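Add chain R with the ligand to chain H, keeping to what the hints say.
These are the residues of each chain, in order.
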Amino acid sequence: MTQMTFGRAINAGLRKAMERDSKVVLMGEDIGKLGGVFRITDGLQKDFGAHRVIDTPLAESGIMGTAVGLAFRGYRPVVEIQFDGFIYPAFDQIVAQVAKLHYRTQGKVMMPITIRVPFGGGIGSPEHHSESPEAYFTHTSGLRVISVSNPQDAYLMIQQAIASNDPVLYFEPKRRYHSKGEVDESIGLEAAPAMGSARVVSAGTDVTLVAYGPLVATANDVALAAADEGISVEVIDLRSLAPIDFAPLEASVRKTGRLVITHEAGQTGGLGAEIAASITERCFNYLESAPVRVTGFDVPYPPSKLEKHHVPDLDRILDGIDRSMGRRNSLSGLEGA
Amino acid sequence: MPSEAEASTQQAGLTGLAGGSVPADENFIQLITADGTRVANPDYDRWVADVTDQELIAYYEDMVVIRRIDTEATALQRQGQLALWAPLLGQEAAQIGSARALDAEDFVFPSYRENGVAYVRGLDLVNSLKIWRGNAHGTWDPYEFNMATPQIIIGAQTLHATGYAMGIVNDGADSAVITYFGDGATSQGDVNEAMVFAASFQAPVVFFCQNNHWAISEPVGLQAHQAIADRAPGFGIPSMRVDGNDVLAVLAVTRAALDRARNGGGPSFIEAVTYRMGPHTTADDPTRYRDANELEDWAAKDPISRLGALLEAKGLLTEEVKAAVAAKSDSVAKDLRANTIKLADPEALDVFEHVYSEPNSALERQKDHYQRYLSSFGAN
Ligand SMILES: Cc1ncc(C[n+]2csc(CCOP(=O)(O)OP(=O)(O)O)c2C)c(N)n1
Numbered sequence: 001m002t003q004m005t006f007g008r009a010i011n012a013g014l015r016k017a018m019e020r021d022s023k024v025v026l027m028g029e030d031i032g033k034l035g036g037v038f039r040i041t042d043g044l045q046k047d048f049g050a051h052r053v054i055d056t057p058l059a060e061s062g063i064m065g066t067a068v069g070l071a072f073r074g075y076r077p078v079v080e081i082q083f084d085g086f087i088y089p090a091f092d093q094i095v096a097q098v099a100k101l102h103y104r105t106q107g108k109v110m111m112p113i114t115i116r117v118p119f120g121g122g123i124g125s126p127e128h129h130s131e132s133p134e135a136y137f138t139h140t141s142g143l144r145v146i147s148v149s150n151p152q153d154a155y156l157m158i159q160q161a162i163a164s165n166d167p168v169l170y171f172e173p174k175r176r177y178h179s180k181g182e183v184d185e186s187i188g189l190e191a192a193p194a195m196g197s198a199r200v201v202s203a204g205t206d207v208t209l210v211a212y213g214p215l216v217a218t219a220n221d222v223a224l225a226a227a228d229e230g231i232s233v234e235v236i237d238l239r240s241l242a243p244i245d246f247a248p249l250e251a252s253v254r255k256t257g258r259l260v261i262t263h264e265a266g267q268t269g270g271l272g273a274e275i276a277a278s279i280t281e282r283c284f285n286y287l288e289s290a291p292v293r294v295t296g297f298d299v300p301y302p303p304s305k306l307e308k309h310h311v312p313d314l315d316r317i318l319d320g321i322d323r324s325m326g327r328r329n330s331l332s333g334l335e336g337a
Numbered sequence: 001m002p003s004e005a006e007a008s009t010q011q012a013g014l015t016g017l018a019g020g021s022v023p024a025d026e027n028f029i030q031l032i033t034a035d036g037t038r039v040a041n042p043d044y045d046r047w048v049a050d051v052t053d054q055e056l057i058a059y060y061e062d063m064v065v066i067r068r069i070d071t072e073a074t075a076l077q078r079q080g081q082l083a084l085w086a087p088l089l090g091q092e093a094a095q096i097g098s099a100r101a102l103d104a105e106d107f108v109f110p111s112y113r114e115n116g117v118a119y120v121r122g123l124d125l126v127n128s129l130k131i132w133r134g135n136a137h138g139t140w141d142p143y144e145f146n147m148a149t150p151q152i153i154i155g156a157q158t159l160h161a162t163g164y165a166m167g168i169v170n171d172g173a174d175s176a177v178i179t180y181f182g183d184g185a186t187s188q189g190d191v192n193e194a195m196v197f198a199a200s201f202q203a204p205v206v207f208f209c210q211n212n213h214w215a216i217s218e219p220v221g222l223q224a225h226q227a228i229a230d231r232a233p234g235f236g237i238p239s240m241r242v243d244g245n246d247v248l249a250v251l252a253v254t255r256a257a258l259d260r261a262r263n264g265g266g267p268s269f270i271e272a273v274t275y276r277m278g279p280h281t282t283a284d285d286p287t288r289y290r291d292a293n294e295l296e297d298w299a300a301k302d303p304i305s306r307l308g309a310l311l312e313a314k315g316l317l318t319e320e321v322k323a324a325v326a327a328k329s330d331s332v333a334k335d336l337r338a339n340t341i342k343l344a345d346p347e348a349l350d351v352f353e354h355v356y357s358e359p360n361s362a363l364e365r366q367k368d369h370y371q372r373y374l375s376s377f378g379a380n
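Protein chains in written order, with UniProt numbering: chain H, 1 to 337; chain R, 1 to 380.
No wet-lab data here; the hints were simulated from the structure.
What you were told as hints is all true, and nothing was included just to trick you.
Once the Cα atoms are required to be at most 30 Å apart in a straight line, the calculated DSS-like pairs of lysine-lysine come out as:
{"#": "1", "chain 1": "H", "residue 1": "Lys308", "chain 2": "R", "residue 2": "Lys367"}
{"#": "2", "chain 1": "H", "residue 1": "Lys108", "chain 2": "H", "residue 2": "Lys16"}
{"#": "3", "chain 1": "H", "residue 1": "Lys46", "chain 2": "H", "residue 2": "Lys16"}
{"#": "4", "chain 1": "R", "residue 1": "Lys334", "chain 2": "H", "residue 2": "Lys305"}
{"#": "5", "chain 1": "R", "residue 1": "Lys342", "chain 2": "H", "residue 2": "Lys305"}
{"#": "6", "chain 1": "H", "residue 1": "Lys308", "chain 2": "R", "residue 2": "Lys342"}
{"#": "7", "chain 1": "H", "residue 1": "Lys46", "chain 2": "H", "residue 2": "Lys23"}
{"#": "8", "chain 1": "H", "residue 1": "Lys46", "chain 2": "H", "residue 2": "Lys33"}
{"#": "9", "chain 1": "R", "residue 1": "Lys367", "chain 2": "R", "residue 2": "Lys342"}
{"#": "10", "chain 1": "H", "residue 1": "Lys33", "chain 2": "H", "residue 2": "Lys23"}
{"#": "11", "chain 1": "H", "residue 1": "Lys305", "chain 2": "R", "residue 2": "Lys367"}
Remember, it's a predicted structure, so these values are computed and weren't measured experimentally.
Bound conformation, chain H alone (with noise of 0.2 Å):
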């Protein structure tokens, strides 16, 4: 076990993925000498060579196109985006050439493609830096979109995405690069959990809350200071986007009866959408009160001044969980709210 920063379990993801394959290339801007503008490739061009992590021209739509080339080649090309709103640029590459490319070649060409996104707010940004543009992926079919919450996930996790023979988007909530956590780098890949899998972070009685990426430290929180007056909280931290791992979440509203979910993209056709949708059909007749979302707003990402208003925090999501448990709330007393 050895203490680690997130930003440097993905690097050490990121080595043991180059050494274990000769395939595996590294693309991306300023991710050379600079080891790119988090750092997160830091060192690695001075070990594997300017052939293996490679600095590209600035251009998104370049980077991802010639991605989809070199796998074509039989590479495992690992892209970065240096900030999630520059995502766009490639977005035509990612949705109509790497999404399609093996159902298109009926199986013959794969696209194991990782591309890795620096995604989510509270860092106190400038416009398009503290973008959530995980839903525009996980409703093309095609994709795998998975987002870590801590560094073990993140060091086991990018290794599995590299290995993945499916195109996978890989979420990183900048905001958490420097928090610290465990790593067992002796957990080898058959021994890890499977990408796809949901987490029970912390098991309750009274309401699941569901969480990935950023927010799932927050729920924690949440989790604590719901203990403090009495409410039982599950933790869920859903960790692959697409597919959804549905059978913890059934299990646990099964259980709790309640379902919370939070996270920090807008509300409108966002995966709380998705979630609260397939676990009411799912379970309706356990649910004893609607499916609450607690989001960030329908609004473009507001100026950094503003940004602590449009990401849920603590309070916010125990409020959701107050409306959720019919409790009093900041919305007690309006109809069908």
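Only chain R with the ligand this time, still in chain H's reference frame:
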């Protein structure tokens, strides 16, 4: 596994890019040499023949003032008053020379680094600092200054500029458009698509590339194997390569390009060869990727000191002029600081403003709920 020989060939192939054969930096239009000597240029002298001594002094003042703004804003960032700042240190001549060539009716589509241009357009730069402070994404009315708010998505503004210019053609108007972007931006599809559209529709747009040699940590050789200015002719767009640290030469080429645009000659491309002497932003550490000697070489070509030397030689840099320039930059910096520090934070419910031009019931509901939520704290 590739064999060792294979691997080393691959390595040569892929790393070779960064060492591309970009032409020598001297291969450009210049009117003032690095040591401040005015040199004749039969093609471009006419574009600046009317520039008076007073105007030269004014350009000098502009450059000193915006350099001072950079220093002040960097200090404000260090003191926690700004979240981030992108300095233009070293690029003063490229911005002042080009901006001084514009008419009020011309429209500017900038990136995020054009504070010098904004200053010449008459903007109070506190507007710009509000953005870097995190108060708002855009803080001025583009139609008031004929200048769009900053663009962070690399290269996107070049398409907007071209579209605006197509509108000018349709309207039968005779103003022009200028769009600013960096050397890194020239790799983006958007910039290349903008050139295709501009050529196809003979749009009166000037593509102004500030080649400051770096795109964060990536040297210009990674984006271009030829002079960037050589790219435009392939799209059917004439181009000029200019010493971007020479304010007079930049003024001359920009006037030439604008003149072409106004007279139905269509788009032009200018590559201003300059250098970013500071970090990319206050969050960047150039010592990780940049050689200190390179910086020294470029400091010797400084745009301000070279114009200063010319003025000195002409006997124009008198004690009064120096004092006036110093007083002006002091007062601009002082006002900027005072007005930035007293900026109030935006209101919580501003989050919901300007998402749509019409009321939106779903969003109103979220806003109502959030307002109730906020007031629930008071109720405790
Ligand atoms: C589409 C997009 N990709 C990546 C970035 C991140 N980024 C911001 S500035 C920059 C370098 C820009 O270099 P250049 O175009 O030469 O302009 P300069 O900043 O040097 O003036 C990068 C990669 C971005 N803002 N937009």
